[in-house]
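Asks: Both chains are sitting in their own frames, so use the hints and assemble them into the complex.
Chains as they are written, first to last, in numbering that gives the first Met the number 0: chain L, 0 to 512; chain P, 0 to 292.
The hints are simulated quantities; they were obtained by calculation from the structure and are not laboratory data.
None of these values were measured; they are calculated from a predicted model.
Hints may contain errors.
Below, computed lysine-lysine pairings styled on DSS-like, alpha-carbon distance capped at 27 angstroms [what the hints assert, rightly or not]: (1) 327/L x 317/L; (2) 438/L x 83/L; (3) 362/L x 230/L; (4) 6/P x 438/L; (5) 267/L x 317/L; (6) 83/L x 265/P; (7) 267/L x 265/P; (8) 320/L x 267/L; (9) 438/L x 362/L.
If the Cβ cut is set under 7 angstroms, some of the chain P residues that face chain L in the computed set are [unchecked claim]: (10) 5; (11) 41; (12) 42; (13) 43; (14) 45; (15) 237; (16) 238; (17) 249; (18) 250; (19) 268; (20) 270; (21) 271; (22) 291.
Stretch by stretch, here's where chain P covers chain L in the computed footprint (C-beta under 8 angstroms, at least three residues) [said to hold, decoys possible]: (23) 84-94; (24) 231-244; (25) 275-288; (26) 363-372.
Positions of the beta carbon are idealized from the N, C-alpha and C atoms, including for glycine.
Chain by chain, the residues run as shown.
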Amino acid sequence: MLHVNLQRTVLALALLITACTGVLRAQDGNRQQTPNASSGSGIPASEQGVQSAPQVLTVVHRLNGLKVLRVMRRSGAQVAELDKDFIRAPVSHTTITAGLALGDGHLVVARLEQAEVEVDADAAPAVSMERVSEADSTNLLVVGRNGQQFAARYVGLDGSTGLSFLQVDGLTLPLMRDAAEERLQVGQRVRLCAPEPASRAEGTATAGTLYLRVGEVEGEIALIARTPSGKIARINVRASHLSRAIVGGLALDEAGDIIGIVESNRGKEARIIPLAAVRLAAERVMARRGSVPRPWLGARGRELSASTIAQLTSVGWKRAKAAQLVSKGQGILLTSVDPATPAAVAGLRAGDIIERVDGRELKGAQDFSLMLDEAGGRATIRLMVLRPNRAAPLAFTVKLEETLTPAARTQMAEASAGHAQVADPFISRGAETIMLSQKAAANLGAQGGRLVVFVQPQSAASRAGLRAGDVIESLDGRALSETGLRPTIILNSPAQRTLGIVRDGQRLKISLP
Amino acid sequence: MEAMNCKACRIEIEESETSRSLSVEARHHTETCLPCRALRDEHLALTQLVGSLEPVAAPSDFDLRLRARLAATAGRDQRRSAWLRLAPGGVFSLAGGAAICLLLLMLAAVVYRQVSLTGSENMRPTGVVSKGELKTDGSQAGSKDATQTPNRTEDYLATGGATGVRNHASGGSPAVGGATSSSPRVLRSGALSAAAKRDVVASGAEKIISSDSAVYNPPPLITPTAVYNPAVDPVPSIALPVRSSAQPMAFFLKGWGGASRTVPLKLVTFGSEMLIEQSEETRAGALDASDIW
Numbered sequence: 000m001l002h003v004n005l006q007r008t009v010l011a012l013a014l015l016i017t018a019c020t021g022v023l024r025a026q027d028g029n030r031q032q033t034p035n036a037s038s039g040s041g042i043p044a045s046e047q048g049v050q051s052a053p054q055v056l057t058v059v060h061r062l063n064g065l066k067v068l069r070v071m072r073r074s075g076a077q078v079a080e081l082d083k084d085f086i087r088a089p090v091s092h093t094t095i096t097a098g099l100a101l102g103d104g105h106l107v108v109a110r111l112e113q114a115e116v117e118v119d120a121d122a123a124p125a126v127s128m129e130r131v132s133e134a135d136s137t138n139l140l141v142v143g144r145n146g147q148q149f150a151a152r153y154v155g156l157d158g159s160t161g162l163s164f165l166q167v168d169g170l171t172l173p174l175m176r177d178a179a180e181e182r183l184q185v186g187q188r189v190r191l192c193a194p195e196p197a198s199r200a201e202g203t204a205t206a207g208t209l210y211l212r213v214g215e216v217e218g219e220i221a222l223i224a225r226t227p228s229g230k231i232a233r234i235n236v237r238a239s240h241l242s243r244a245i246v247g248g249l250a251l252d253e254a255g256d257i258i259g260i261v262e263s264n265r266g267k268e269a270r271i272i273p274l275a276a277v278r279l280a281a282e283r284v285m286a287r288r289g290s291v292p293r294p295w296l297g298a299r300g301r302e303l304s305a306s307t308i309a310q311l312t313s314v315g316w317k318r319a320k321a322a323q324l325v326s327k328g329q330g331i332l333l334t335s336v337d338p339a340t341p342a343a344v345a346g347l348r349a350g351d352i353i354e355r356v357d358g359r360e361l362k363g364a365q366d367f368s369l370m371l372d373e374a375g376g377r378a379t380i381r382l383m384v385l386r387p388n389r390a391a392p393l394a395f396t397v398k399l400e401e402t403l404t405p406a407a408r409t410q411m412a413e414a415s416a417g418h419a420q421v422a423d424p425f426i427s428r429g430a431e432t433i434m435l436s437q438k439a440a441a442n443l444g445a446q447g448g449r450l451v452v453f454v455q456p457q458s459a460a461s462r463a464g465l466r467a468g469d470v471i472e473s474l475d476g477r478a479l480s481e482t483g484l485r486p487t488i489i490l491n492s493p494a495q496r497t498l499g500i501v502r503d504g505q506r507l508k509i510s511l512p
Numbered sequence: 000m001e002a003m004n005c006k007a008c009r010i011e012i013e014e015s016e017t018s019r020s021l022s023v024e025a026r027h028h029t030e031t032c033l034p035c036r037a038l039r040d041e042h043l044a045l046t047q048l049v050g051s052l053e054p055v056a057a058p059s060d061f062d063l064r065l066r067a068r069l070a071a072t073a074g075r076d077q078r079r080s081a082w083l084r085l086a087p088g089g090v091f092s093l094a095g096g097a098a099i100c101l102l103l104l105m106l107a108a109v110v111y112r113q114v115s116l117t118g119s120e121n122m123r124p125t126g127v128v129s130k131g132e133l134k135t136d137g138s139q140a141g142s143k144d145a146t147q148t149p150n151r152t153e154d155y156l157a158t159g160g161a162t163g164v165r166n167h168a169s170g171g172s173p174a175v176g177g178a179t180s181s182s183p184r185v186l187r188s189g190a191l192s193a194a195a196k197r198d199v200v201a202s203g204a205e206k207i208i209s210s211d212s213a214v215y216n217p218p219p220l221i222t223p224t225a226v227y228n229p230a231v232d233p234v235p236s237i238a239l240p241v242r243s244s245a246q247p248m249a250f251f252l253k254g255w256g257g258a259s260r261t262v263p264l265k266l267v268t269f270g271s272e273m274l275i276e277q278s279e280e281t282r283a284g285a286l287d288a289s290d291i292w
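Chain P extracted, bound-state conformation (with noise of 0.2 angstroms):
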């Protein structure tokens, strides 16, 4: 049986409950050496003290308090240990440390603008648009600001307070903005495709004051419940009542040459559109001022 030598011995004598529980080649070497047996005596007289004690009963909080001392103690060696790791001639260099509050500070300064950036944005109406912008899908801003007060009411007027915008641009849903919008889209003017423009330019409220109005009627702000509906209406557009006699009327047109027929009265007609079809007994007793002086 190979010998125990002092080290293991006392390891094991730290380990143990009693010397009867010794191996036995610990007991052996006890037996054989003054210090360990020395060191066993003393950790079963320690055993049987302890042991001889009355058993103590722990504060009801013990628990408690435990938690939160250890917790206490984790954070101060936490803060410790880092402490130490940036200090001069630390666990880490004044390289190292430099570039962690770098990194740190970038990422700070950036989040930082993007919030406030954010937040700006988030403080307009719902609905309002800078001039220059025009709500429809994200794209990359360029926004400029309106610096004359009667266009930035039109703008918004036009671009969002009332019916929203639709966007050809993008070639997808269009947006919606008012009220029942769930966050209104930017697009700033430079992406629109002419299709867009036109549509853009068009939108208008629905809601219209009487046409029989011969007095001036201060302008309404616009509602924000009045929202273009893309699924039922293709085209954004301004409303305009109509009215016509109950019958059509039409006319006779006769040219110099006899011949002869009836044509009906157009009820609207845009630009320089003639009021009734243009033919040649048009033109034959029509006034053609562009050859009169």
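Isolated chain L, as found in the complex (with noise of 0.2 angstroms):
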């Protein structure tokens, strides 16, 4: 009797625990389904995760007065007041954007507006580089998320993508990991990060001290451009609120993987440069070590669709002709061709419509910078052009050159042909130059004239021994002002000039070839 009930309590144990046990796999099942179930995303866990904590960088490219005022003299600007140390001021001015970590995470990409002013235009990449590089190591900053900075050395610049090569020594940075391509589509959610001022409590703020955080916005992808080959050329993300200040922002998708970098904003949709084209970048800048220029044809233009017919009549295209075009709205108006230049040279002139590119139908301005960087600097292309007077369109063979500003390149082309808008006469001499007020030349100790800003390397100003910093006060005995003297048409003459300077103080006299 004992025997049997000893065995009927053994049994019943063994139901208990296996019972006990199917509960407890229940229970566990149940705890990792929650986070699923409750986000309802349909994202993976393990991909929240990720969402939760981009590693978005913040870029702190700090420029100097000189190179402040070199971006000022591309948008027209001339100085009004200058406080005589602002020149030697380390830092005059902060632009700010993100940064990706790439490679082995001692690189970052980023696209730094002002980045031209850390390139020497068109000098040999690798001397100006390192000549930058040691000059300047301390005005780029790369920051982590918990505010650690990081003193960063600048690579070079990608021409055709805009984006700046960052190199961080001694630190490996976090990686972010790569959107699944092929799963991308229009309509999808995006997340566009970028660094912008955060707002502090009254009272707690330090002067001098400016507060950042990464702000988001979030969009949706509104167009996938592809290439032939099935390659993602260019993504569109449309926001309802957009500023020129997420220019440079990481694009990322609901699962925090970073899909490319904004290069561009218009209204309520930015342009995102594809990762993949991002690291293509960065390999062209790896392999020179140094920056990469983009083609350069040496013409400007503008959209057909954006055109008016009142534009195209007064290039010569007559009436009726122009309406259709503009009506048809696809191609590239050349407005201005200067000489000397790769187009110039392929025999286009002003008021030529491209038509197609090496056989392809052009749209627009974007369509043509593609095609363009496609086809790389030094490159033969086959343009398809409609002229006016014209009944067939026809077809020119370009050489590109290559440069890193092309709009500084064209400057100087349309300053050495003594175009009329030229507000730099220096600038054919290699040398760029800003007008001064009377009261900021005073404070250089200069009586008025133009300050250098830059100077080409290897061009005629350098030769002529001109520096950055450097007041024109005079041309061959007579002053520059601002309501004087102008010398463009004198420069473009070839004979031998002397420039009448002030440096440190001190006036000096040299020669301009």
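Replies: Take a look at the structure:
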């Protein structure tokens, strides 16, 4: 009897243990399913974890006075007031944008709006970059999400994308995961992350200190343009609130994986440089260990869709044909072609309408830039062009050149050609100058004139010994002033000129070939 | 008077101290009933015997030993009672015993697991959260273990090691991380609103190294005493010193039409913001790279 009872007891205990194990397994299962069930987003739990902590870096680009003036020169401004210490101040302006760690975590890519001032236009990249790296290494900071700052070294600018690459030595920055390109689709939600100023409670802010945080704008993919090979060439994101501050920000999907970098914005749409293009740019820059120039045609123009009938008739088109072309709205109208540029050498001229590039139909300005970038610097392209008073399209073969700063290069060409709109007469000699007001010039010890903000290496100005920071007070003994002598025509002549300059308060004379 | 029976008489004899304390009825009954009389005589003799004995002193530890004996006896009785109930054929059936065992085992197992989970989370250093966790108030957990060490480190730095995180999702008082925090609270990312994510992303330390440093300084370990104070700091942020010249610089803008004005230089710009206020005059004289190839 006792034996039978013992067997029953053991059997009952075994059944109990089995039941308890089942209960615990079911409990575990419920726990693991809870996050997905609660979020309702369909994103796996592992991916949701990334969403909350995108590794958006902050890149701080600090400009000294001369660099600021160089930027302002290209903005068409003249100096009205200038503190005499402004030029020597290590930081006169700060530009802030987002950054993304690439490669092994030591390379940071950012779209620095003022990157042009870090590179010497069209100079030998290796030489210029080495010089810039040593001189200006403290002007680039990479700030982690915890506020830690690290000095960065400028590696190079990719001319095609406008992306800058920085090296951060001694620190491995956190990497982000790539968004699956094949999963991207129109209508998909996107997060645009970029640094922005953070408000502080009254009385808690410290003077001279800027408080930042990484802000976020939500939008959705409005356009995905693919290359013939199926790769993403361009992504447009539509968002309700976009400003110029978002340029350079990182585009992330809902899981926090990186889609690309904001290249520009117009209205409620932001244009994204796809991550694949970013990585290609990184390969180009790292292969050279310096900046990679972009193709240069040497012409100004505008989209035909953005042109008016009057603008076409002003360059030789008949009204009826102009109306027809504007209605069609496809192509690029060349508004100016300066001598000695690749466009001019090929025979292009103002009024021409570029209709096709290497057999591919041209829709707009962005398409044209993309096609030139795909062709690459020093490439030869074939253009189909419509010309006033010509019934059939004309074919032109253009040998492209390359430059880091197409705008500056074109302006230099315009200056050399004696273009009336050139505001900087010394650009044709390789010097970038900006007009000073009397008060600003007085702070630099001059009576007036133009301040040299940059000297192109190996240019005539460089060979003459002109330096950034000099004030050109006179030309051939005649004073330069805001309302006085306009030296454009004089400088266009081949004769050697004598410049009266003020350097560190001392008056000097140099000969400009 | 009613005659007493034997049973009632014997009870009264047992409870009485002497025969003199018996009732009239009991005394009358014993007069006529021999067995009851014998019982009365025996009880009386025993009482007299006990009364004739000398007083006996109890040992000094009698009380203690008595209590210990009582306690031991009570425990043995209880164990014996339980076994008796569980034993086959005992007071309770086997089914009843099985049900009790089932409940006890389930309760013990659940309690054990809860204790072990709590213990593993408490093992983390203060402020450390797994990848995918954000410190704020307690919602359901959806833990994702950190598989990338750098990210984990960055998460730590950003989400609580130094500053703590403000919780917009709950709308309540912000959580405060670091050493002064009473207990780090955990919220899984899935429950965060966009506003909360913005602030979480922005969290960062207030302490920074000199911006003048051109030499790489290894990142110091987070000081858990650096705590974001929500009472005085509405948004956790990165502090960045911004220096400028002694006097602001102004620019003279002159359009091609001759109109001109003076505008100040912005000390800081974000993204592609203009260094000076954008205007028609500026655009007229500016290089627009978008129409240059």
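Asks: A separate judgement is required for each hint: does it hold in the structure or not?
Replies: Cross-check of the supplied hints:
1. 327/L x 317/L: holds, 15 angstroms
2. 438/L x 83/L: holds, 10 angstroms
3. 362/L x 230/L: holds, 19 angstroms
4. 6/P x 438/L: violated, 135 angstroms
5. 267/L x 317/L: Answer violated: residue 267/L to residue 317/L is near 36 angstroms, above 27 angstroms.
6. 83/L x 265/P: Roughly 18 angstroms between the alpha carbons, so the hint for residue 83/L and residue 265/P holds.
7. 267/L x 265/P: holds, 25 angstroms
8. 320/L x 267/L: violated, 34 angstroms
9. 438/L x 362/L: violated, 49 angstroms
10. 5: With a minimum Cβ separation of about 43 angstroms from chain L (threshold 7 angstroms), the hint on residue 5/P is violated.
11. 41: Violated, because the Cβ-Cβ distance from residue 41/P to chain L comes to roughly 45 angstroms (cut-off 7 angstroms).
12. 42: violated, 45 angstroms
13. 43: Since the shortest Cβ distance to chain L is 51 angstroms, the answer is violated.
14. 45: violated, 45 angstroms
15. 237: holds, 4 angstroms
16. 238: The hint holds - residue 238/P has a Cβ within 7 angstroms of chain L, the shortest such distance being about 5 angstroms.
17. 249: This interface hint holds because 4 angstroms falls under the 7 angstroms limit.
18. 250: Holds. Min distance 4 angstroms.
19. 268: holds, 5 angstroms
20. 270: With a closest approach of 4 angstroms, the residue 270/P hint holds.
21. 271: holds, 4 angstroms
22. 291: Cβ of residue 291/P sits 5 angstroms from chain L, so the hint holds.
23. 84-94: holds (count 9)
24. 231-244: holds (count 3)
25. 275-288: The restraint on the region 275-288 of chain L is violated, since only 0 of its residues have a Cβ under 8 angstroms from chain P and three are required.
26. 363-372: Coverage by chain P holds for the region 363-372 of chain L (4 residues, Cβ < 8 angstroms).
Of the numbered hints stated above, those contradicted by the structure are hints 4, 5, 8, 9, 10, 11, 12, 13, 14 and 25, listed in ascending order.
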